[in-house]
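One letter stands for each residue in the lines below.
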Amino acid sequence: MEKKNTFKTALKRLTTKKNPLTVAMVAVLYAVIAYLVYSGSASRQLSNMLISVSCYIVLAVSLNLVVGLLGELSLGHASFMSVGLFTGCQLALTLHNAIPGMPFWVRLPLAMLFGGIMAAAVGFVVGLPALRLKGDYLAIVTLACGEIIKSIITNLKIFGGALGLSTGPIYSNTKTLLPYAIVLVFLTMLLMMNLKKSRYGRAIMAVRDNRIAAESCGVNVTYFKLVVFMIAAFFAGAAGALYGHNFANIKATTFDYNMSIEILVIVVLGGMGSVRGSIIAAIVLRALPEMLREFSDYRMLVYSIVLIAIMLLNASPRFNELRGRLTVKNIIAVLKKKKTPVEETVEVTAGGEK
Amino acid sequence: MKKFVAMMLAAVMCLACMTACGAPAASNVSDGSSIIIGGVGPLTGDYANYGTSVRNGMVQAVEEINAAGGINGMEVVLDFQDSAADPDSAVAAYGKLMDNGMNVFTGGVLSGETASAVAAANEDGVPIVTPTATADAAIVGNPNTFRICFTDSSQGLASANYIADNKMADKVAVFYQSDIDYSVGLYTNFETQCAERGIEIVEVQTFTADTATDFSTQINAIADSGVSLVFIPIYAAEASTFLTQAQGKLDGKIFFGCDGLDGILGKVSDPAVAENVVMLTPFAADDPDAQVQAFVTEYKADNGAAPDQFAASGYDAIYVIKAAVEKAGVTTADADFDAKVVAAMTAIEVDGVTGTMTWGEDGETTKAAKAMIIHDGVAVLYTAG
Amino acid sequence: MIHFLQTLISGLSLGSIYALIALGYTMVYGIAKMLNFAHGDIIMVGAYAAIVAVFQMKLPGLVAVLAAVLVCTVLGVTVEFLAYKPLRQSPPLTVLITAIGVSYFLQNIALLIFGSEQMASPVIMKLPALVIGGVQIDGITWGTLAVTCIIMLGLTLFINKTKMGKAMRAVSEDKGAAELMGISVNKTITITFAIGSALAAIASIFYGSAYVYIRPTTGAMPGIKAFTAAVFGGIGSIPGAMLGGILLGVIEQFAKAYISTLWSDAIVFGVLVVVLIVKPTGLLGKKISEKV
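Chains as they are written, first to last, in this note's numbering: chain A, 1 to 354; chain B, 1001 to 1385; chain C, 2001 to 2292.
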């Protein structure tokens, strides 16, 4: 009964107000970018960043499922990505050697699927401690698991060890990879949006808000916690396999806690549980260091100051009040030179919807 | 609808970000009055010292060349971008350099970032002369790429041969960093060649970037193994920590390293800890050669410290580019600039501070390595026995 | 046996440094309830302050220590005032991200001022080595251990016996209720930061004496290790942070000596995961009963 209706209800939800807006925004963005890239008028810097930024969008949206929806702090998301990357790219390399005639549009999705499944399997294992631990204790365990995964991959000969995996033979440029990146971003985005609004999403949020209450209402906490970890890991892994195709050499040490924290920064900045927020924050935070190249040696210093400033601004009630007033109604009112109606609700939390 | 505008504003901002860097490039066709040499490397983060050294060396070479009238009358412009040692950032930086109208690329400083930037550069045909990416695979797959430094495999091999040829030891211990490609690459090739030459490796100790502060366990194990020579294919920064902690525990042993160790004397707190360090390196700041000394004196005046192998390779890379462009006899205004410079690379011989170099079609160089030993705080040429 | 003792000593040596850093970390962590990712970078600043004081200003060792403490305390309080105070009402994750921003900021400022090349720290503590049963214990090892113990006892007494300590515990338990009882939450947290940063300065002196070389990114690793040690021992527990730090160091050295240096990172974190699964609130952490 439930399953039959899932598709219909999903379609119905697509037509609700907020989400189509986000979908439209992303679609327009990608349409413009695709036009720029394929017509050759995009700058090289922009086109070289696109795959990476798309992967970060997927990473942030999927981590948001764990942090925003489930309410658990995870500091090991980059390691899921690295599991997907190394298994997926290794599969692609093997296929490339074994079946030279295999078309790219079969090989890459296969690699992404395989990488995602492997990452989900690891996500299951990492999710197990989450059944017993909470808060910072869980955070440190996810960090530890990430470091263990990094250490294992660095020492495994099959993935190239410390020399890194040479993905040169399967290297592809932005023009080849962009369609796959767009599909992956849309899949992740739509799934998260619909999950959030489905009964599963509500169950997950119930676990976040009050585990005991949720449990007494018959929500299977164990099941939902593991499923969330696995879905998040799956998308991170698939993004990883795609990411690996865009580079010629990939080392496990790149995917350490620093990268996990970077993804977390995106999620927090975008707002807990907000898909759209994650997307915007991923683009802004990834583009920022590149845009700051004009500052040369002061680049990362300026970046850190901007990061602190954004966090402080986001939390400042005055700024939020100002932002709250920026509604269509108010702007139209201003345009009509009427008195601005004051918004009563003022956001307190950091740029997200609770 | 409440956040509609806020969201739209954000979207517009995103688009603005994208199109700001999305504005079409100033075009790659130069007027032939200047030549833009682009480089990428870590200027921030954990590996900032390497990128900074390479850039310092390059800046010095560019200043000298411009003071002497440039290359074929063209003014040299150096555009060096930060990568924070991240391939992701390095590839984006390469794009930025192309947008800025780069004529010759010097790749990255570390092997990983170089491999990805070189792969991304494949479709552009831009000539690449990379100073310090030692991993064998770093330049494979792009026929326009040449490197200044030795490869990991050649260094590991040469080290084992040198130890065997000069009968320095039959039994050795190895201490290497297990999570960086340079160190692992050298060790693996050293191990293979040792088996060939009958050198026995009796003790292998490792560390990672996360545990690079305390080496007492490893030092104890090496001391217990009783060997007289320790092979340390690591970089000078980690080596200085290792040698400082080994002081009093591994006295009298020879520490054998490769080009990564160069500059060790400038990094240790007390020259005494670097006693008995042997380096198989193409460059040594204490080399009495006039050209080397001129470079070292000038570098010290500019940067307040002696140059290491990274700086020397960066310095040489610029002069190699100069030699190739002059040999090709082209300016950046010529349409076939890229092809002619690449063709000239295999025809030139450059006498740089890191040795006399020629290049094969595969982009690899051949040059001699000197073995230097540190005695009483001074590096001198090593003599067997 | 000698080998075992040797490994134990080097474990204690490493562990006591971790513990010393973790004490300052857990202070802020337990009371202000925030993950101060910039703590490690304050240690880095302290180490540079000592270098400047000794080598450039030619100050004697003890004055240099005081200078480092002063610099770190002022820095800690300033950072708290500028970056964390405005976020008092925000969710903890927002503060965490700001702390990461501060960490980047301090690293990059140090990079611009001192350059990327490592600098050697002055050896301020010159203590004689002890030889017990044929095993040599370096001066710095027992010195650090002793100082860590003294600081741990001092902090425990301060928190449990003084009025300020009581206020801190109250703030840690419930900010709102503490405010109602007439405790100035802002003042209490500022003092917590001052103490935490001063402890970071002391840790930096010992870190510098033990490991000599300082770079702008030096603080990152100790910061994450201190976080690990603090959680391992139980959040907010001062003896727990010390125990966690020392155990972390000892496990690390034993894994290196007896199993494999290649896998030591994985083993240390593996032990950590297992211990936390068995004891979900850390070694000495309080068991929190869930309210229904």
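No lab work stands behind these hints: they were computed from the structure. Incorrect hints may have been included.
As the list claims (entries may be wrong) - Only pairs whose alpha carbons sit at most 27 angstroms apart, straight line, appear in this in silico DSSO-like list of lysine-lysine:
| # | chain 1 | residue 1 | chain 2 | residue 2 |
| --- | --- | --- | --- | --- |
| 1 | C | K2058 | A | K134 |
| 2 | C | K2058 | B | K1300 |
| 3 | C | K2163 | C | K2279 |
| 4 | C | K2033 | A | K134 |
| 5 | A | K197 | A | K225 |
| 6 | C | K2163 | A | K134 |
| 7 | C | K2175 | A | K225 |
| 8 | C | K2287 | A | K134 |
| 9 | A | K225 | C | K2279 |
As the list claims (entries may be wrong) - Derived, one-sided and incomplete: chain C residues facing chain A with beta-carbon distance under 8 angstroms:
| # | residue |
| --- | --- |
| 10 | L2087 |
| 11 | A2178 |
| 12 | M2181 |
| 13 | I2183 |
| 14 | N2186 |
| 15 | T2190 |
| 16 | T2228 |
| 17 | F2269 |
Note that beta-carbon positions come from the ideal geometry of N, C-alpha and C, so glycine has one too.
We went through each hint and held it up to the structure:
| no. | hint | in the structure |
| --- | --- | --- |
| 1 | C/K2058 / A/K134 | 50 angstroms, violated |
| 2 | C/K2058 / B/K1300 | 24 angstroms, holds |
| 3 | C/K2163 / C/K2279 | 32 angstroms, violated |
| 4 | C/K2033 / A/K134 | 15 angstroms, holds |
| 5 | A/K197 / A/K225 | 17 angstroms, holds |
| 6 | C/K2163 / A/K134 | 32 angstroms, violated |
| 7 | C/K2175 / A/K225 | 31 angstroms, violated |
| 8 | C/K2287 / A/K134 | 12 angstroms, holds |
| 9 | A/K225 / C/K2279 | 20 angstroms, holds |
| 10 | L2087 | 5 angstroms, holds |
| 11 | A2178 | 21 angstroms, violated |
| 12 | M2181 | 25 angstroms, violated |
| 13 | I2183 | 23 angstroms, violated |
| 14 | N2186 | 16 angstroms, violated |
| 15 | T2190 | 18 angstroms, violated |
| 16 | T2228 | 6 angstroms, holds |
| 17 | F2269 | 4 angstroms, holds |
Checked against the numbered hints given earlier, the structure breaks hints 1, 3, 6, 7, 11, 12, 13, 14, 15 and satisfies all the rest.
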